[in-house]
Amino acid sequence: MAKEQHKKVDTTKNGENGRILEFSPLPDKVIDTLKSREKHRCFKKEGKQSAPDCNKSSIPGAVTQRSCVYGGARVVLMPITDAVHLVHGPIGCASCTWDIRGSLSSSSKLYKTGFSTNLQEKDIVFGGETKLMDILLEINRLYHPPAIFVYATCVVGIIGDDLKKVCELAQEKTSTRIIPVQSEGFRSFNKSLGHQLAGDALLDYLIGTSTKASPNHPFTLNIVGEFNVAGDLWGIKPLLEKMGIHVLSTLTGDSRVEDISRSHQAHLNIVQCQKSSNYIARQMEKKYDIPYLKVNFFGIEDTVSSLQSIAQFFNNPEMLKKTEQLIKEEINRLEDAIKPYHRILKGKKVAVYVGGNKAWSLVRAFEELGMEVIMTGTQNGLPEDYQKIRDTVQEGTLIVDDAPVRELYHLLKKYKPDLVISGAKEKYMALKMGIPFCEFNHDRITSFSGFQGYINFAKNLDQAVSSPVWNYTKKKLKNGINEFNGAKNAKI
Amino acid sequence: MSEVKVTKRERNVIINPLVTCQPLGAMFAVAGISRGLPLVHGSQGCSTFVRYGFSRHFREPSEIAVTSLHEDAAVFGGRRNLISGLGNLASRFTPDLIGVVTTCSSEIIGDDVDGFIKTARQEIKESLGENAAEKIKIVAINTPSFVEHHYRGYDNAIKAMVDQVALEPANGNDKLNIIPGIVNPGDIREIKHILNMMGQESIMLTDTSDPFDSPLRPGSTQFKPYYPKGGTPVQELEDCSNSSGTISLCNYGAQAAGVLERKYKVPSTIGPFPIGLQNTDQFLRNVKKFSDAEITDELLDERGLLVDSMADITSRYLFGKTAAIYGDPDMVTGIAGFVCELGMTPQLVCTGVENQEFVDDMKEVSKKADGKVEIMYGHDLRSMEVRLEEEPTDIIIGHSDGRLIARDLDIPLVRVGFPVYDRVGYHRVPIVGYRGGINLLDRITNTVLEEYYDPVHWKLQQ
Chain A
1 MAKEQHKKVD TTKNGENGRI LEFSPLPDKV IDTLKSREKH RCFKKEGKQS
51 APDCNKSSIP GAVTQRSCVY GGARVVLMPI TDAVHLVHGP IGCASCTWDI
101 RGSLSSSSKL YKTGFSTNLQ EKDIVFGGET KLMDILLEIN RLYHPPAIFV
151 YATCVVGIIG DDLKKVCELA QEKTSTRIIP VQSEGFRSFN KSLGHQLAGD
201 ALLDYLIGTS TKASPNHPFT LNIVGEFNVA GDLWGIKPLL EKMGIHVLST
251 LTGDSRVEDI SRSHQAHLNI VQCQKSSNYI ARQMEKKYDI PYLKVNFFGI
301 EDTVSSLQSI AQFFNNPEML KKTEQLIKEE INRLEDAIKP YHRILKGKKV
351 AVYVGGNKAW SLVRAFEELG MEVIMTGTQN GLPEDYQKIR DTVQEGTLIV
401 DDAPVRELYH LLKKYKPDLV ISGAKEKYMA LKMGIPFCEF NHDRITSFSG
451 FQGYINFAKN LDQAVSSPVW NYTKKKLKNG INEFNGAKNA KI
Chain B
493 MSEVKVTKRE RNVIINPLVT CQPLGAMFAV AGISRGLPLV HGSQGCSTFV
543 RYGFSRHFRE PSEIAVTSLH EDAAVFGGRR NLISGLGNLA SRFTPDLIGV
593 VTTCSSEIIG DDVDGFIKTA RQEIKESLGE NAAEKIKIVA INTPSFVEHH
643 YRGYDNAIKA MVDQVALEPA NGNDKLNIIP GIVNPGDIRE IKHILNMMGQ
693 ESIMLTDTSD PFDSPLRPGS TQFKPYYPKG GTPVQELEDC SNSSGTISLC
743 NYGAQAAGVL ERKYKVPSTI GPFPIGLQNT DQFLRNVKKF SDAEITDELL
793 DERGLLVDSM ADITSRYLFG KTAAIYGDPD MVTGIAGFVC ELGMTPQLVC
843 TGVENQEFVD DMKEVSKKAD GKVEIMYGHD LRSMEVRLEE EPTDIIIGHS
893 DGRLIARDLD IPLVRVGFPV YDRVGYHRVP IVGYRGGINL LDRITNTVLE
943 EYYDPVHWKL QQ
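Sequence lines, in order, name chains A and B. Going by the working numbering, the residue at position 366 of the first sequence is 366; the numbering climbs one at a time, nothing skipped. Going by the working numbering, the residue at position 276 of the second sequence is 768; the numbering climbs one at a time, nothing skipped.
Quick caveat, the hints were computed from the structure, so don't treat them as lab data. We put the CB at the ideal spot given by N, CA and C, even for glycine. Any given hint could be a false lead.
Said to hold, decoys possible - Derived contacts from chain A toward chain B, CB cut-off under 10 Å, selection only:
1) W98
2) I158
3) M433
From just these sequences and the hints, can you work out the full model?
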């Protein structure tokens with residue numbers, strides 16, 4: 001089979017537009033692995049429907065990067081700061097996830113408290129409903145929270161506790177909102193179902209339950225699918241406020257139960273994480289007639305176009321003017337700050353492997369810094385997600401679905417990126433291979449969103465690739481003496 | 493003489509848990525086998541969140557496979573998942589040992605794990621050939637998540653491996669079996685160092701030191717698949733029935749020692765976890781009990797260095813200070829004992845484990861204490877927080893999950909145990925043995941100095 005020519009066209013801002021940078025043949029096969037896995041990887045090629053096979057269950061016995069349905073629901077709802085999050089199951093489901101997300105709060109810390117019903121053998125035999133009821137009353141007595149989310153785990157699904165019924169009864173007794181989340185871990189191989197079930201919990205039990213009228217403001221919106229990891233929300237909200245918009249609620253970063261309960265009164269929903277939260281936006285459109293816009297606040301271009309499309313939606317002359325003014329000011333401020341990073345990062349190859357949204361929303365941000373995304377992929381992608389990835393990435397980019405550890409290793413080894421973007425589970429493997437790594441997951445400690453976030457982003461990438469440690473790892477060590485010749489560029 | 497009060501959690505709900513479920517302990521134990529892989533028979537989250545937890549603490553890759561049980565398996569059983577999972581793992585990872593770790597779902601469904609393993613063995617034989625299949629040990633480890641906690645999971649895993657892999661004894665090997673417990677790489681290395689000084693060979697059941705603290709040397713690391721250096725070789729696991737004795741440092745998880753004693757007549761002794769002077773002394777005596785190993789002059793010097801540090805420091809800065817200690821039971825009793833040796837009072841000790849032995853041991857330790865001691869068992873971090881609000885201590889000793897309590901109550905936290913994710917290096921630095929004692933002493937003292945001594949008049953303090 002003749003190898004196809006692979007054209008790489010430089011379209012970055014500072015490059016000569018349209019200049020063909022390199023010709024290199026695309027390999028026939030991405031890598032050699034199990035046959036059933038082959039279709040889960042592909043290159044983006046012109047004119048072809050290049051999307052990998054996806055949304056299939058993982059091979060048993062793989063070291064999967066995937067999580068469970070409960071995990072999917074947990075990460076969506078965890079950032080609701082003043083709610084109690086009660087995990088109905090054995091202790092581990094709560095212990096391992098109680099503080100899993102670096103979502104920041106400006107007020108309550110209750111969401112960072114781990115609650116578990118700690119199901120024991122006798123509960124498995126006789127059912128956990130009585131225990132759950134007792135515990136709900138107990139929590140209400142101790143904390144008087146505005147809402148208690150009750151998460152179902154695998155065990156609950158198997159023993160058949162009627163979560164809804166218990167929550168309903170407890171709600172009558174306590175007159176606080178008690179919200180069942182039907183997130184039994186084994187319900188799907190894809191945690192996206194968990195995102196949707198979390199959305200259902202919000203839609204069925206919280207959104208639209210407030211009787212209070214929202215402030216009489218002509219331009220209100222909800223930011224949907226923004227979880228305030230490392231304070232991302234705080235890079236976005238001030239921009240919207242400067243445009244004259246009132247942010248009614250966030251689903252769910254730094255949110256309060258009360259805000260979400262009246263989010264149905266907003267004029268517009270904007271969706272940042274289109275992996276987890278398109279569903280909520282679509283349902284709110286159906287139910288409350290709230291239109292939604294897909295936005296992306298990672299990268300300058302996307303931030304600018306997101307702000308513009310929001311302004312265009314409200315179509316208010318003053319807001320349009322303010323928005324352009326704001327963009328101009330921010331870009332002026334940015335350009336000088338970014339220049340030094342651009343020089344360092346230009347031409348560096350990036351491999352992205354994440355949970356969802358970031359597989360496409362980050363791509364332009366890298367390109368704006370002159371970097372080349374050679375691989376992107378997710379653990380839980382759905383066909384619509386890969387469509388978005390395909391539409392975003394350059395020709396020849398490798399697109400990967402649900403790669404277990406071993407496969408990731410092969411991919412990194414063969415395609416040699418200069419930088420890997422992923423989460424904590426992949427981090428130490430990449431580093432062990434001597435490849436710089438930048439965290440872009442729940443553990444991130446720097447905000448990457450909006451204009452300031454973009455500077456932080458560039459700075460973080462610089463820190464990752466420019467660390468002197470990478471001078472000491474590249475070459476094979478030949479003998480003991482050379483190991484100590486750690487000087488820059490030493491031949492070892 | 494001290495006054496002792498014992499409390500157990502009265503609340504139904506657990507708030508900020510101090511324990512996790514059994515499978516985590518089992519995965520940890522299997523990770524300590526050279527080319528050993530845990531295969532979790534359950535949902536994907538059961539392996540993923542534990543991998544995440546290990547990576548966060550050790551800052552190392554953590555390879556744990558899963559059979560990915562889904563709804564159909566919940567209805568029809570996980571037979572196919574486990575058998576094909578074992579097959580895939582065998583052919584693609586060629587491990588020396590696979591530990592099949594059950595979970596709540598597979599236990600409730602009632603999967604016949606032993607039967608499935610038999611079938612899988614047969615299939616592996618057919619696909620890889622007799623010889624290759626022989627080299628892969630498959631161990632069934634029952635760890636129902638709804639019974640007890642991670643500690644029992646560790647215990648069950650070590651027991652299962654010894655029970656299913658150790659061979660009939662032949663010739664004595666003059667080695668000592670050591671069951672270290674859920675401890676850090678630095679601690680296991682320190683135990684090995686002590687045994688080395690005594691000229692005593694050992695078999696670690698199991699050795700997680702190198703797997704969870706491995707060098708970055710891309711040229712000499714095995715990536716296809718990733719196997720870190722080190723770990724207990726399967727041959728040693730097979731050979732542990734020939735050892736002259738077993739010492740379980742893990743006070744509350746010594747079933748494997750019992751198996752070796754009953755089945756193969758390997759005598760054993762349980763505890764103490766060698767933190768502090770007297771516990772380490774006892775450990776050395778225990779080693780001597782099973783062998784003619786010598787307590788060398790160098791080792792006595794190490795002991796002397798610890799005593800010297802205690803003499804230099806304790807009366808000036810630590811005497812009379814109070815501590816709250818929380819975490820795994822053996823760590824807590826060990827540290828409480830050491831704290832008493834330093835002239836401090838373990839005013840509050842708290843563990844999530846419901847275990848009467850822990851209470852008895854703590855009562856014993858309390859005899860060394862000068863003030864009153866409150867023993868909380870089967871509790872959680874919230875219980876401890878409430879007690880500390882009422883009666884604060886000078887310092888808190890425990891893992892990172894207590895960091896917010898320490899901050900909110902403005903009591904400094906000395907970090908030890910698992911998990912520590914908000915500071916670095918704690919997995920490397922031992923707290924066991926004499927040298928570990930010095931580390932822990934320094935850690936505690938520096939925390940006290942930072943909080944309670946005035947830097948302006950530093951010279952006066954010397």
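Hints versus structure:
1. W98: 7 Å, holds
2. I158: 5 Å, holds
3. M433: With a minimum Cβ separation of about 6 Å from chain B (threshold 10 Å), the hint on A/M433 holds.
The structure is consistent with each of the numbered hints, conforming to all of them.
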